[in-house]
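S.K.: Let the sequences and hints guide you as you build the complete structure.
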Amino acid sequence: MSHPESSTPIVRCEVDFTQRTEYHHGMEAIKAAHKLLAEATFTPTLPDKGYTNRTLYVNVGTREIMEKPVTQQMKDIFLGGRGFGLWHLWNAVTPATRWNDPANEIIISPGPVSGTTQYAGSGKSLVVTLSPQTDIPIDSNVGGYFGPLLKFSGFDALELQGKADQDVILFIDGQKGVIRIEAAPLEPVDSHVLAEVLTRMYAEDDADRVNISVVSTGAGADHSLIGMLNFSWWDHRRGCVRLKQAGRGGIGTVFRDKRIRALVCRGPVVKGGLNNPADPETIARTGIKFHKEMRANDDSQCKMRRNGTAHIVEIMDAYDLLPTHNFQYGSHPDTHRIASPVWQARCTQETVDGCWYGCSMACAKGADGLVLKTGPYKGHTVTVDGPEYENAAGLGSNSGVFDPDDLLELNFYCDTYGICTITWGTLTAFVMECYQRGILNLERTGGLDLTWGNAAADLEMMHQMARGEGFGLIAGQGIHKMKAIFEARGWGDPKLMADIGMECKGLEYSQYMSKESLAQQGGYALTNKGPQHDEAWLIFMDMVNKQLPTFEDKAEALYYFPLFRTWFGLNGFCKLPWNDVVPSDNASTSEPAKVPEHVQNYVDVFSATTGIRIDKDELIHQSAKVYNFQRIFNIRMGKGTRSFDIPPYRSVGPVTREEYESRAERYDKQMMEEIGVDPAGRTTDEKIAITRDHRMKRYNSLVDAVYLRRGWTPDGVPTLARIQELGLDAFPEVVEIVKNHGG
Amino acid sequence: MRQLRIDLTKCNYGRDCHHECESDCATKVFKVDDPALAALHIRDHGDGKGTAILCDQCGDCVVVCPAEALKRNRLGVVMINKKLCVGCYMCIGFCEKEAFERNPDWIEPYKCTSCGICVKACPHAALEIVEVPEPAPRII
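Top line first, the protein sequences correspond to chains C and U.
Take any residue in the first sequence, note its place counting from 1, add 8, and you have its number in our numbering.
Take any residue in the second sequence, note its place counting from 1, add 230, and you have its number in our numbering.
Possibly wrong hints are sitting among the right ones.
[To be verified] For lysine-lysine, the following DSS-like pairs were computed, each having C-alpha atoms within a straight-line distance of at most 25 Å: (1) U:Lys261 <-> C:Lys279; (2) C:Lys705 <-> C:Lys647; (3) U:Lys327 <-> C:Lys300; (4) U:Lys312 <-> C:Lys57; (5) C:Lys300 <-> U:Lys301; (6) C:Lys279 <-> U:Lys312.
[To be verified] Listed next, the stretches of chain C that the computed footprint assigns to chain U, with coverage defined by at least 3 CB atoms under 8 Å from CB atoms of chain U: (7) 363 to 377; (8) 439 to 452.
FYI, nobody ran anything at the bench for these hints, they're computed from the structure.
Using N, Cα and C, we set each Cβ at its ideal position, and we do this for glycine too.
M.R.: Below, the structure written as structure tokens:
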């Protein structure tokens, strides 16, 4: 999508981006308190065609440190990244395992292409664990340097299992070939301090800081189910550590349950060919071609280099798609206060903002010089990551917050406390609507006035959660559990809470309005891990561009795009360079939504890295193996069938009278034209019921069509024929699960 | 800063020379026996016209380099520190003059250092090194 004002001048932020509060002064005492608990040596090796062919297993409970080989079967079926994570997790757990059992693992795997410095968005790490929110595998795709440095140290994946009896740091020194588990009793808790201290502590000199990456979380992860992980890199222009987040599903909560304070990897000095690719020339040519495309097209397309993903705030609002007041509405008169020109002016433009080398999209913007007004760091001057679109929408419009500095402070504390911004935004929107509707009140929230837009109360709820007290503790359980808590206390109508609580499978929705896009309703609720847009973002294709008119068209999109997007996470790619800039002639191609030239770029970069020649169809086949395996994994854990793919009605249509009446013209017209019922003379309640019946029938028809296209039974179970086609019948337990569920 | 310039009224795009500027740059500066791997390029369009691809030391590459491997030296010339370079080629992709170069046998790219060897080699005295003000860094 392109901005109408394509050539507006760049607005410079006047803040000095090198100034911020420093935290490393007490570092020596912190370091002196470390105690070595276990140590192992290894031979650092560089990858061969993207793979090091070994993984690292660490049990923080038993302190076992072990190398494991990467088998050919692992590479053939699971490829890497999220695939390796799912495979290791499958072997580690049983159907009875829950998130806080020692058997649960956190797996971090970069994927074979990750660490490439020539093609934009090739530095991702994929993180997999059993989620405390969903009880099924969660996967998260995160930037920062940890994954590439782990691989260049010698490991295609890191498996973390067990529970330590005290707070520990795992240090992997890929220069010296040493792995240590250290007791870390005096470490700072929150990420923006901890990552800064540990980067300086483990670097041997100033120049070495760039070779360090820290994985950490914060106080929020200790007291909630929505903890996330921060992956760091050293920003040498700013002179500070930056953070990117593995946000969804509570991975940080599992991390702290294992008493892991941080992971630190010290990799070798990064150079251009450390993956030892099969065909470096193709990678170089393809990478330069993309850099030139960014140079030529970004200013007239998405302005990712200027605004990051927040460039779409005003576009979403214009199409009535910006979630507002818990997804009740899609726009707000105050949206201009959190729109992209505000962030462009607030984010530093003079520096380089990639979360891995060579990312010319450079969307990891930073808002420098924020002086905090609340909480334990009140008065400190900090740098805030982003805000990304999801944060502007979730912490902003969805909660009614339209003050940019309030939004930045919410964003900052989510990050440093180690909680997911998307989840916090959606759950805050839910509690604010509960407050609006009397399900919550001052007494029930312990004095928090959670009216729309009350950022002070929002922040206090977050600080409470980080301190482990008050209503913040309840909020940190997430919407799924909050609904049960409120119901058990007799606080509200369970049916209404089910309708307005924007979660599916236990995970909160990310920040797009799907009411007017049937394909996106499926794009959210049919996801493997829960409603995150990284599987399918079809709103514009479906609702705006009308490219998916039939159930079959929508089903095809819900077959292709989740598989295509899954592939990024198998390899260590970022999704954004795929379609947040497009070639100038993309609109004239046969399938512009797929961005064919970029698909070919990915085919070429993968083939040139691994030496495995693929085409665009084989790419989808590679993904289908892992995608179906994950679906079966969900079934193995007691979910994964049709009844878990039902969305909350708020994501499908208008729940309340005010929602219906706010867009009555639209809904009345649809009733007449699509349902064939004359709305004249009917009450709003009657019209809501008629609309709901129609929309849910339509949703179920979509599910039938999607399951058929995916090769699944009407209950959503992959058929035996489908898993044979994918080679998953090599695993007897997979076959048994499928057979037991009628597949 | 030192900047390489060309007078296109003197250069005739190699029609009566042997592209000595490119040859000497390649052999004497980069130690490769291939003028195509020089840090400047003179193209004859065959219609009496041509183009010269020269680095003007504008510094855009300094701004986009994620590794801070590109810096101006005391003469204002943009130099590459190969120890810091991560071979991402953003300098190549973002160079509007197409003057940042790459040898397929090397990971690190290379560029004109305003050394003047080509100036000495040119039989038509079309090239010169001039001193010009350093431009302010741009936001790229």
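S.K.: Next, verify each hint and record whether it holds.
M.R.: Against the structure, the hints:
Pair hint U:Lys261 plus C:Lys279 holds up; C-alpha atoms about 22 Å apart against a cutoff of 25 Å. Simply put, C:Lys705 and C:Lys647 have alpha-carbon atoms about 22 Å apart, close enough for the 25 Å limit, and the pair holds. At most 25 Å may separate the alpha-carbon atoms for a hinted pair to count; U:Lys327 and C:Lys300 meet this at roughly 12 Å. For the hint linking U:Lys312 to C:Lys57, the alpha-carbon distance of about 23 Å falls within 25 Å, and the restraint holds.
Our distance criterion of 25 Å between C-alpha atoms is met by C:Lys300 and U:Lys301, whose separation comes to about 22 Å. Between C:Lys279 and U:Lys312 the alpha-carbon distance is near 10 Å, which keeps this suggested pair within the 25 Å criterion. Residues of the region 363 to 377 of chain C with a Cβ under 8 Å from some Cβ of chain U number 4, which satisfies the need for three, so the listed coverage holds. Coverage of the region 439 to 452 of chain C by chain U is violated [criterion: at least 3 residues with CB-CB distance below 8 Å; count 0].
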